[in-house]
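If you want the building blocks of each chain, they are given just below.
Number of protein chains: 6
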Amino acid sequence: MPHRIVFATQHYQYLKDRILSLCGDQCENGKLEIRDFPDGEHYHRILSNVGNKEVVLIGGTIDDQETLELYDLASGAIQLGALSLTIVIPFFGYSTMERAVKYGEIVKAKTRAVLFSSLPNTSRGNRIVMIDLHVDGITWYFESGIRPMHLYAKDFVKEAALEMAAGRPFVLASTDAGRAKWVESLANDLHVPAAFVFKRRISGDETAITAISADVKDKIVIIYDDMIRTGGSLIHAAESYRDAGAAEICVITTHGIFAGNGFQKIKNSGIIKRIICTDTHPNALLIKDDMLQVKSVAQLIVDALALETFS
Amino acid sequence: MPHRIVFATQHYQYLKDRILSLCGDQCENGKLEIRDFPDGEHYHRILSNVGNKEVVLIGGTIDDQETLELYDLASGAIQLGALSLTIVIPFFGYSTMERAVKYGEIVKAKTRAVLFSSLPNTSRGNRIVMIDLHVDGITWYFESGIRPMHLYAKDFVKEAALEMAAGRPFVLASTDAGRAKWVESLANDLHVPAAFVFKRRISGDETAITAISADVKDKIVIIYDDMIRTGGSLIHAAESYRDAGAAEICVITTHGIFAGNGFQKIKNSGIIKRIICTDTHPNALLIKDDMLQVKSVAQLIVDALALETFS
Amino acid sequence: MPHRIVFATQHYQYLKDRILSLCGDQCENGKLEIRDFPDGEHYHRILSNVGNKEVVLIGGTIDDQETLELYDLASGAIQLGALSLTIVIPFFGYSTMERAVKYGEIVKAKTRAVLFSSLPNTSRGNRIVMIDLHVDGITWYFESGIRPMHLYAKDFVKEAALEMAAGRPFVLASTDAGRAKWVESLANDLHVPAAFVFKRRISGDETAITAISADVKDKIVIIYDDMIRTGGSLIHAAESYRDAGAAEICVITTHGIFAGNGFQKIKNSGIIKRIICTDTHPNALLIKDDMLQVKSVAQLIVDALALETFS
Amino acid sequence: MPHRIVFATQHYQYLKDRILSLCGDQCENGKLEIRDFPDGEHYHRILSNVGNKEVVLIGGTIDDQETLELYDLASGAIQLGALSLTIVIPFFGYSTMERAVKYGEIVKAKTRAVLFSSLPNTSRGNRIVMIDLHVDGITWYFESGIRPMHLYAKDFVKEAALEMAAGRPFVLASTDAGRAKWVESLANDLHVPAAFVFKRRISGDETAITAISADVKDKIVIIYDDMIRTGGSLIHAAESYRDAGAAEICVITTHGIFAGNGFQKIKNSGIIKRIICTDTHPNALLIKDDMLQVKSVAQLIVDALALETFS
Amino acid sequence: MPHRIVFATQHYQYLKDRILSLCGDQCENGKLEIRDFPDGEHYHRILSNVGNKEVVLIGGTIDDQETLELYDLASGAIQLGALSLTIVIPFFGYSTMERAVKYGEIVKAKTRAVLFSSLPNTSRGNRIVMIDLHVDGITWYFESGIRPMHLYAKDFVKEAALEMAAGRPFVLASTDAGRAKWVESLANDLHVPAAFVFKRRISGDETAITAISADVKDKIVIIYDDMIRTGGSLIHAAESYRDAGAAEICVITTHGIFAGNGFQKIKNSGIIKRIICTDTHPNALLIKDDMLQVKSVAQLIVDALALETFS
Amino acid sequence: MPHRIVFATQHYQYLKDRILSLCGDQCENGKLEIRDFPDGEHYHRILSNVGNKEVVLIGGTIDDQETLELYDLASGAIQLGALSLTIVIPFFGYSTMERAVKYGEIVKAKTRAVLFSSLPNTSRGNRIVMIDLHVDGITWYFESGIRPMHLYAKDFVKEAALEMAAGRPFVLASTDAGRAKWVESLANDLHVPAAFVFKRRISGDETAITAISADVKDKIVIIYDDMIRTGGSLIHAAESYRDAGAAEICVITTHGIFAGNGFQKIKNSGIIKRIICTDTHPNALLIKDDMLQVKSVAQLIVDALALETFS
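Chains as they are written, first to last, in our numbering: chain A, 234 to 544; chain B, 234 to 544; chain C, 234 to 544; chain D, 234 to 544; chain E, 234 to 544; chain F, 234 to 544.
It should be emphasised that the hints constitute simulated quantities derived from the structure, not laboratory data. Keep in mind that the hints are not guaranteed to be accurate.
Given that identical chains are not distinguished, each listed pair holds provided it fits within a single copy or across any two copies.
Said to hold, decoys possible - Here are the simulated DSS-like cross-link-like pairs (lysine-lysine), alpha carbons at most 30 Å apart as the crow flies:
id	residue 1	residue 2
1	Lys498	Lys450
2	Lys391	Lys500
3	Lys506	Lys521
4	Lys500	Lys528
5	Lys264	Lys432
6	Lys335	Lys528
7	Lys414	Lys500
8	Lys432	Lys391
9	Lys335	Lys387
10	Lys387	Lys414
11	Lys335	Lys500
12	Lys391	Lys528
13	Lys414	Lys450
14	Lys335	Lys264
15	Lys335	Lys506
16	Lys391	Lys414
17	Lys335	Lys391
18	Lys506	Lys414
19	Lys264	Lys387
20	Lys432	Lys335
21	Lys450	Lys432
22	Lys387	Lys500
23	Lys387	Lys521
Note that this is a predicted model, so its numbers are computed, not measured.
Could you put together the complete structure from these sequences and hints?
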């Protein structure tokens, strides 16, 4: 069996450590030397031998530096003779810029997919592993020479919901119409009702939310959204559910970005009791607050890597 | 200005004729010789000179023969020195097989996108024009060397809705959660309420529909769906709206496929009063019934071809 | 040694079974789920795990549906992580449309070769195996990234000839000038005389056949042609040999297509005593008649797959 | 209209001059600086400005130096911004190594086609023009991104035959079974009988020729072959026709290579009265002998370049 | 003549303005909408119509954000139908990481060249224009489908040298052995002596500089280096020339990066009297000090764009 | 472990033999059949089975025939199913034509790199191994899909220098400014002084050499240059060192080409006492003279092949 070696970009070392601790002897800890120069250039050196090894490279496209670090490390591993390359992108940045609404808008989700698809192939081929993409189709934005794999953290959501509900009846709720289908599906799996929020435009950019389903009254409402960025639309939705009589509002999200003071804003709103997210984005680890619980996707990734194939 | 010449596959000659009649002298009518051999092979010959011309090729991926005819004619035009190639696919088949739900499912929307992306480039590049895709993201399933363009028949939907409503108040309704976002957006544009249908799984494959929004009672409900195939889910949704007290139910769809006896089944249900669809699929033209009105997308396509660029 | 798994398109299941029965435990029987939708779309799912296996996919380009089924299954196997992909095309359709005689004719043999060449590569590369191509050069119509292999069923022809002759002297004969070289070579291998048919154009499309070599008189004439489609030119040639005094006329062909009522037409002509063909085309298996004997190419394919290399 | 500029490799300057003299003001004479270094390296510089011009580059793959000179000049023109590139290869070397007969034989016709197909594309695309290929299919050995064009010098053959016959009846004859089809077609066009030569293997490499058709007796036999290399098989065939009673034997060939002392050998045999060939190979121009007449293909090439398209 | 439109990344707007002011009516000012989101994502929209226009895009690879902005804007222009794309990279970052000295070092100059080479081609092709690359060969690190052009700012250096010398005799000097060839060439063009600095390693990383050529004594020494980053090696070299008796030391550099407090460090050293650099890097414009004079490369770029070809 | 098999072009059989003798049983001796035809075409056949083997192919781009032989053999090995392909080019011809100085010069180092990069990939990828390139950057002229490796024969140079010095103090010297950096580095490694030669242009092409560093007086000067072609610039440099008082002048070079009567010219000059070179170019082996010592790079290549990776 070929040797597997795991590397991560600078911000994802924590996830590499968690993955390695689950792998036991089966994975080697990939060593890098990274230095920054005063002129803004970065020096990257792969210290471990990667020749004829299965290289796993973990990194999110969370900002420009991480994106290019991921691209450069991947290029290096390929050049140094990696047998295969699996790029694990726990959080795929720009997944909300996945289509052009106005003329000239640059569809970043496509340009990033093309960027990683342009890497030369390793002997055993290149693969991309992503988790809970904002839009399913992004899986196929990648060019045909690379094999993408989309992991669903459905089990995480279900477990988090059951943990939050703690035996009490609850409603699974969406933040907007875009996620209606997914929440419908999750609610059906959990055998609970689904609640939805729709918006009606009043004038210009002003919208009024219409919380659908009268059945949130006096019930626990668990909102699921794939990501929380600034928390704005989450608070907006939560207010609707509160106004509709929800007894308690909890939140589950896969990607806890909490950009800027996003987390504090949510906390200050006082509407949401508790949040559970995963560790797909390094920001989530920076917040130390009882209101937020972070669960790791390390096992989900380890299980996917164990497969010899992709669905 | 380069000369433009328009060809169509066998089933789309009607659309070519409509487009040519709108173009006046600006487009040449492309001639083909097509013959079928007893062994199932087809002979294709491009009779018109296409060298240094802008070639427009119209054809749907409505079945295997049309798909390969489109591929072969495109290959021929490229080989014969076409200056540019624009493939207009009014109905993009397999757009509902746009992701794999189970291991091993072949994502046909991707394989078809890859198929057309593999055509060698013409001097001015190859473009693909599609209309009201079931899933937006399919636009970006094409490889980066070809330029896809997604046309929205929004104006058709709005005009059809206003024509059906004839001044009376109405609700714009969806058939399932998957189109919730789109219907929300259309309803906001029309300044009318939106109604949605959600399904709760009862056991196994059995689902109960929950028509949301009490406001359909005694109102005209105009259901919009991007395509009608066998009509099954449409009838199911319409029943819900009827049960919720809708005064009258009309239907707008972009792609009228009406596979098998689909149209007759809808008509026999007696729930739907009227249907308006476009001519993106040749099946719609075969139905001669007062209940169905077919409007052409020819002008929409002509306008898109007039652009020098794609958004 | 990597695991080998064999799949076939719907019409070639019989050949897969024959190949598997020759392989013993060395090959796995690949399972598929195939369903047809009322709107003409087909659902394909690869049920067996193909990750890191050597995938063999059997299918002829006998019609449009089979061609796209082959393309889709190949795409699926690649996406699911097949280690290598060998596409066995026992009968390569369109092999007579291998050049353009008039302006604008689409060279289907090239477009089909390009179609399969556009498949993304597996780790160990993609290969195409074909048998007795109408024109040798088609082997190299494939693009340079795929490895084609042309199998010659010469042994089948020789054995069939010796079986038909049953010890009696015979002449090996061609149907037209295009196969002169091949028949010359076969006749030399068998140490028998070769007979040839040439055509002289009389006026327009009317041609008069000139059976060369007086030595067919009172002899057994065994005509070899690579394929029998409608049987027209075969009957034409046979008549010439009969008129030249042949004692008995038998026919060997690799590809027995017998399009339409081709076989019945040949039988009704009463000139040909016996035909031996292979099972490269599923049509041959549908004919149950003592006059026709079908021999399998399964062993020829199994032997080729056993090679680690291609010539 | 874009500006056209014509270059040639060192051995094909004569053909460039002939083409330019037919073009008048429509083509610019492309200037090169070529120097050889003592270590076997060659210096190539394109002196004329080729930016945004239609570049025509003439050169045969007659030996290794010419082949790489063609490749290098083409690379240079592309890099310098040529609008389009048409490579005219009057004689395509290695066209008889177009398939592998034994394991491991390198199919040079394919490797050369791949070599030229690997050139990056110009804006208007790259084209290859070839004349009377030994095997038609080589046209499609080129990869799909380049557009090959195969010119047939049929008119040259017909005119040469009529000129040689000078009103007397004649037979058009082949040198071996491989060209049977082509000679059959030419003979039909000329409304004359066709004669063919077949070989029977006696033992090992020894073959006995069987001149078919008794009708060469006392007639003028005009042998057509696509190329004369050493003249061996031509003399062999001519002897057969002489033995069969031919009154006079003349020869037409497209490519007069006359390798080594080929021409002298033919002349010394005393069997052949006269030869007409074209100037596709520079060797033909080196022979000054009344027995050989060389006609230029310049007009054929000029006509092809005038087309905006390729069949 | 096609329409030309010029865009720049955020940091290079000043250079776009200078170029546009030199172009007059011949170039359109390309408009962009750029916004930054709190989560580190950037929104880019091309507001101007670029369809069928010659797009010029100016931006340096000065840091990760600029690099990806350049990549995204280029992707957008291609997708929107630009006729041609010329990317002007006045300062090509990572040009000193142009080879690997130790195992595993990532050759960023190559990965950046590959990154831009992976952009899909426009109709008229993509070009890259760079200025005074640290290593000439980087021009050819780009893949063969894109056309690179390397501009030499030799005239700027010569004029700056003559301006600094103001009629007084001077010596042109290098900072290290790596630029010896270039300085030799420049000195020869200016008909002045060349001075060189070489380093001898004393122990470990400690090096002693050996200023060669005794002829700097009492002379004006003008040091040329392609870039000044932190100024460290420049000061080191200047000290050597001072110690060797130079009367006055001035500096010319193409790329004035002055990372960190680089400029202040040079100024504080008190050894260098005056510096002239170009505006290829935006940092140079931020320094307001009489000691530094910045000359624009705008005209050099405008002249290059006017060429229809690349050398 | 996969089987390794070694082939060489005709001129490099000696190096294959040396490599095989160092490999013991680990490498198979690859057999070829090569024949030349009278018309200048070459027949190549790979006799050994290469399927699923690691193919090593040795050949220099020393002239056109060798270059195409290398290309054809590589193409053949790929087509026949080689598992991996490593092309060892001990002397990379055209490495001094690595940039264009004047408009229109064809950068052969790039066109050759592109030529070999265009070979289709083997399963384990294609690699190029080169030794002491004239310009480092050529390593990255290859396209991104192939993995280049640049071997430095530094140990050879050091050992040769120590052997020549035989304990006596010496100076390591360069022939021109272009190699200054490399000689500086080597001298530092050897803890000896470095001497450099610079040229000042007097008028037109006439240059005067300025031997720098007074310390060559009465010392042994060992000149290192990467290649000796005609020996002209070497003799020129040596004269300078002699004039500067050198006690003895020896020469080390990696690539001993000695084009034309190069070696004799050097010998006749009487200035140089001794030369040591490697066997990267077959010319070096043809010279039998006590003044020249040839050391093999076989071990250097064997060591590189033993690595599973490339730096």
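(request) At 30 Å max between alpha carbons, let me know whether Lys432 reaches Lys391 within a copy, between copies, both or neither. (result) both (27 Å within a copy, 19 Å between copies)
(message) Treating 30 Å as the Cα threshold, decide for Lys506 and Lys521: within, between, both or neither.
(response) Within one copy, since 15 Å is at most 30 Å while 55 Å is not.
(request) First find the shortest C-alpha distance between Lys414 and Lys500 inside one copy, then the shortest across copies, and answer within, between, both or neither for a cut-off of 30 Å. (result) both (28 Å within a copy, 29 Å between copies)
(message) If the cut is 30 Å between Cα atoms, do Lys391 and Lys528 qualify within a copy, between copies, both or neither?
(response) Classified as within; 13 Å inside a copy, 46 Å across copies.
(request) Tell me, please, which holds for Lys335 and Lys264 at an alpha-carbon limit of 30 Å: within, between, both or neither? (result) Answer is between; shortest inter-copy Cα gap is 15 Å, intra-copy 44 Å.
(message) As a check of your reading, is Lys264 near Lys432 (CA-CA no more than 30 Å) within one copy, between copies, both or neither?
(response) neither (50 Å within a copy, 33 Å between copies)
(request) Since the copies are identical, ignore which copy is meant and state whether Lys414 and Lys450 lie within 30 Å (CA to CA) inside a copy, between copies, both or neither. (result) For Lys414 and Lys450, both the intra-copy (22 Å) and inter-copy (25 Å) Cα distances are at most 30 Å.
(request) If the cutoff is 30 Å on CA atoms, where do Lys432 and Lys335 land: within, between, both or neither? Let me know, please. (result) within (21 Å within a copy, 33 Å between copies)
(message) For Lys450 and Lys432, with the copy left unspecified, which applies at a CA distance of at most 30 Å: within, between, both, or neither?
(response) both (20 Å within a copy, 20 Å between copies)
(request) Using 30 Å as the alpha carbon limit, work out where Lys335 and Lys387 are close: within a copy, between copies, both or neither. (result) between (33 Å within a copy, 14 Å between copies)
(message) Please sort Lys387 with Lys414 into within, between, both or neither, judging by C-alpha distance up to 30 Å.
(response) Intra 14 Å, inter 22 Å, cutoff 30 Å: intra and inter.
(request) Using 30 Å as the alpha carbon limit, work out where Lys335 and Lys528 are close: within a copy, between copies, both or neither. (result) between (38 Å within a copy, 26 Å between copies)
The structure is inconsistent with the numbered hints 5, 11, 15, although it conforms to all the rest.
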